[in-house]
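With the hints as your guide, set chain B onto chain A.
Next come the chains, spelled out residue by residue.
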Amino acid sequence: MLELHIWGPSFTLPSISPQSLSTIAYLRLTQPPTTWTLIPSSNPLLSPSRELPALRDGATWVSGFRGVIEYLYCKNDSGLDDALDGAQRAEAFAFGRYIESEGGRLLDLSMYLTDGNFDVLRGVFAKLLPVPARYYFPGVLRREARRRCDGLIPVTSSASASGAAKPLPQPTAMTATALPGAKEQISAKGAAERIKQVAVATGFLQTIQSLLGEGRFIFGDKPSSLDCLAVGYLSLGLYAELPNGWLREEMVARHGRLCSYVNEVRGRMLGDGVDVTAVMSGQATMTTPSGKLAGGGLPWETVERKDVPWVTGLLLNRAMEIVGITCTERYGDGGDREEKTEQMEGRRIEARRLQRWETARNVAAVVGCVGAFIGYCVWSGSIAMEFGGKGKYEVAGGMGGGEGDDDVENKMGLLEGFGSAESILGLGGRGTFGPRGEDGRDEVIE
Amino acid sequence: MVSLPIPQFLKSLFDSFPLRTYPANPLPSRCPKFGTTPSLYAFATPEDAVAGNPSFNPSCLKWQAYLKFYGVEFKTVPSNNHASPTGALPFIISQQKSMSESMEVEVVPSDKLASWIEEHGCSLDVIDTDSAQVKAFLVLVNNQLRDAWLYALYLEPNNSQDLAGKLYCGSSVSAVSSFLLRQAKAAARQQVLQAYPGGVLDPRRIYADAGAALEAISTMLGKDTWFFGGGDPGLFDASVFAYTHLILNLRWHTGENTLFRAVMEHDNLLGHERRIRDAFFPEANTPDANKPLGSES
Chain A
1 MLELHIWGPS FTLPSISPQS LSTIAYLRLT QPPTTWTLIP SSNPLLSPSR
51 ELPALRDGAT WVSGFRGVIE YLYCKNDSGL DDALDGAQRA EAFAFGRYIE
101 SEGGRLLDLS MYLTDGNFDV LRGVFAKLLP VPARYYFPGV LRREARRRCD
151 GLIPVTSSAS ASGAAKPLPQ PTAMTATALP GAKEQISAKG AAERIKQVAV
201 ATGFLQTIQS LLGEGRFIFG DKPSSLDCLA VGYLSLGLYA ELPNGWLREE
251 MVARHGRLCS YVNEVRGRML GDGVDVTAVM SGQATMTTPS GKLAGGGLPW
301 ETVERKDVPW VTGLLLNRAM EIVGITCTER YGDGGDREEK TEQMEGRRIE
351 ARRLQRWETA RNVAAVVGCV GAFIGYCVWS GSIAMEFGGK GKYEVAGGMG
401 GGEGDDDVEN KMGLLEGFGS AESILGLGGR GTFGPRGEDG RDEVIE
Chain B
1 MVSLPIPQFL KSLFDSFPLR TYPANPLPSR CPKFGTTPSL YAFATPEDAV
51 AGNPSFNPSC LKWQAYLKFY GVEFKTVPSN NHASPTGALP FIISQQKSMS
101 ESMEVEVVPS DKLASWIEEH GCSLDVIDTD SAQVKAFLVL VNNQLRDAWL
151 YALYLEPNNS QDLAGKLYCG SSVSAVSSFL LRQAKAAARQ QVLQAYPGGV
201 LDPRRIYADA GAALEAISTM LGKDTWFFGG GDPGLFDASV FAYTHLILNL
251 RWHTGENTLF RAVMEHDNLL GHERRIRDAF FPEANTPDAN KPLGSES
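Residue numbers (UniProt numbering), protein chains in the order written: chain A, 1 to 446; chain B, 1 to 297.
Be a bit skeptical, because a hint or two may be false.
Unchecked claim - Cross-link-like lysine-lysine pairs, in silico, BS3-like; alpha carbons within 25 Å at most:
{"id": "1", "chain 1": "A", "residue 1": "LYS222", "chain 2": "A", "residue 2": "LYS75"}
{"id": "2", "chain 1": "B", "residue 1": "LYS135", "chain 2": "B", "residue 2": "LYS223"}
{"id": "3", "chain 1": "B", "residue 1": "LYS112", "chain 2": "A", "residue 2": "LYS196"}
{"id": "4", "chain 1": "B", "residue 1": "LYS166", "chain 2": "B", "residue 2": "LYS185"}
{"id": "5", "chain 1": "B", "residue 1": "LYS75", "chain 2": "B", "residue 2": "LYS135"}
{"id": "6", "chain 1": "A", "residue 1": "LYS196", "chain 2": "B", "residue 2": "LYS135"}
What the hints assert, rightly or not - Between beta-carbon pairs, the in silico distance windows are:
{"id": "7", "chain 1": "A", "residue 1": "GLY58", "chain 2": "B", "residue 2": "THR286", "range": "44 to 54 Å"}
{"id": "8", "chain 1": "B", "residue 1": "SER115", "chain 2": "A", "residue 2": "CYS369", "range": "50 to 60 Å"}
{"id": "9", "chain 1": "A", "residue 1": "GLU350", "chain 2": "B", "residue 2": "ARG261", "range": "41 to 51 Å"}
{"id": "10", "chain 1": "A", "residue 1": "VAL140", "chain 2": "B", "residue 2": "PRO157", "range": "40 to 50 Å"}
{"id": "11", "chain 1": "B", "residue 1": "ASN81", "chain 2": "A", "residue 2": "VAL140", "range": "39 to 49 Å"}
Derived from the structure by calculation, the hints contain no laboratory data. Nothing here was measured: the structure is a model prediction, and the numbers come from that model. Idealized CB from N, CA, C, for every residue including glycine.
Bound conformation, chain A alone (with noise of 0.2 Å):
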């Protein structure tokens, strides 16, 4: 049984992901109902390149839509693609690529850079995620939309800034005369802002077009990787209902052999229309009032929910992504095609080795910086030891270890040391801050 876990389903789609619409619609066409399930698990921390759409076929995961596909190749030992001849074959794949780079983008822009959408989008991923993964997901796909989208929006928009928008004017400064100039000035930048936004639309919308031509699909007849491609990215720019959806009515309004291609196809490759809360809480089989499945005919399973270990795993993440203790590069483990000379053996210890040393270093800079932090507590402290008058503690913190004879009074010292956090910041002159310290050891010690 072969298991696809994807971003879960929103606004009657399957999934919220280009990428997961694409690799359903790719199952669908080429595996029996029975032989697979859909799972909205929406976690990207499942699979070991952390990305979905990931496919588990026993202990094998398999990942991107490129990755399934080419493993359900491998394992069927046929694809959609073999009608093809070699030239076909090249054109899908670049055009495939093209659609993934530019199609992505564009979705980038209107999903998740345009303002007001994004709001809306918060809102589907918390039907998706459990309590902490749902503030923290969203804000995590904004920051790489806006990576990929780098120069492909203006300055002035809000959306390119690392913030919110440019703030409005402020309330005293929204006088009579002040205020139509202000809204004049937002409808102009919004103006321009559309503009822009439907450049980069029609750009990507007129080459698929000319790309799909007459035909049923992109290759005649008959389906092939790239209809799946092409209908997972326009179909999520099509049925998503964004309050601010320039995109949509761009491909309504000036494409319409798209919209009719992503219409007509729509059924055969992602199923009719899906309850989002219906599937998410497992009555994916139940009916709907009009007579359909709320599924919409995918092979659903429910998600387990394992939230502890998920916001476990994704706490101990980041923390070792913070530290610098991460496994971002292997070197190929587990499933080798390649062949395994020894010089690929040697590269691959040498890669070890540096990664252990970066690991290394890492770990010595934090214990570093920790230990210099506490040396200077110590030292903080025993300066205020000094001007209490008691040159025991002086000493004691002046040895600077912790592990002096006398280790009780040391911790004192330190106690000190943090309980005056004038001292740490170095605010306050000696003055003010003699009697005070006095105050804190008395409570302290006696």
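Leaving out everything else, chain B in the frame of chain A:
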């Protein structure tokens, strides 16, 4: 804001040192003098720049080749990103005599180079770069091939030390160059990670993607002389040449030359590279005479 009156003694002090403006200093003698030939500011070694040899940076080499295709006369000036008004190389500074006989300097950044070159060069029989096919295949070069190039050059441990470090981060102070290399590596990683949102860089996957891209590009070239059946080499030919030439000519480390082997598999791409090199860069190193370290493996 209330301004304080100047005390009398300060006033008399200032009065005894009146403000004087000196004439502007002449520019230092080493500062560039713009001739009538346009200068292309690109990553290049000083020797290569004088000889008109290819740059070691793919995007600079692409424009260099494109300028040569159009027969535009230019000279290459070795430079780095800090010199550029947009922060990216290459760019062109050209000087024209305007009506008033005063020299006018025109700076052309890299995103406007294509139209500038087409305007100043001879007319060629090239295919339309706006066609859907060209756009799609350009994505392969600019994403898959570029990611693999960046990975091979900056993120393979030995290559980054010996190639990227020497070519891009050469500074006489070793601490500075190691810091620069670190910065460059982080930037390269950021760039490559855009295509792999999970944050996991698996070299096998990156090289496999680039291999598939090369395969598709090679199929597209087929037995033609230039891509898409053009009568003269165009922008796409320049883009592909920029990568294939550099991949074939850099001295990759043994075991870190997957990209080199991937290009070697496609005879028609090798032929394409050789045609452009012979016609436009006759002085350039040939891959055979300058065999990369890893080619024996």
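A quick look at each hint next to the structure:
no., hint, in the structure
1, A:LYS222 - A:LYS75, "holds (22 Å)"
2, B:LYS135 - B:LYS223, "holds (21 Å)"
3, B:LYS112 - A:LYS196, "holds (18 Å)"
4, B:LYS166 - B:LYS185, "holds (13 Å)"
5, B:LYS75 - B:LYS135, "violated (30 Å)"
6, A:LYS196 - B:LYS135, "holds (19 Å)"
7, A:GLY58 - B:THR286: 44 to 54 Å, "holds (50 Å)"
8, B:SER115 - A:CYS369: 50 to 60 Å, "holds (52 Å)"
9, A:GLU350 - B:ARG261: 41 to 51 Å, "violated (19 Å)"
10, A:VAL140 - B:PRO157: 40 to 50 Å, "violated (28 Å)"
11, B:ASN81 - A:VAL140: 39 to 49 Å, "violated (29 Å)"
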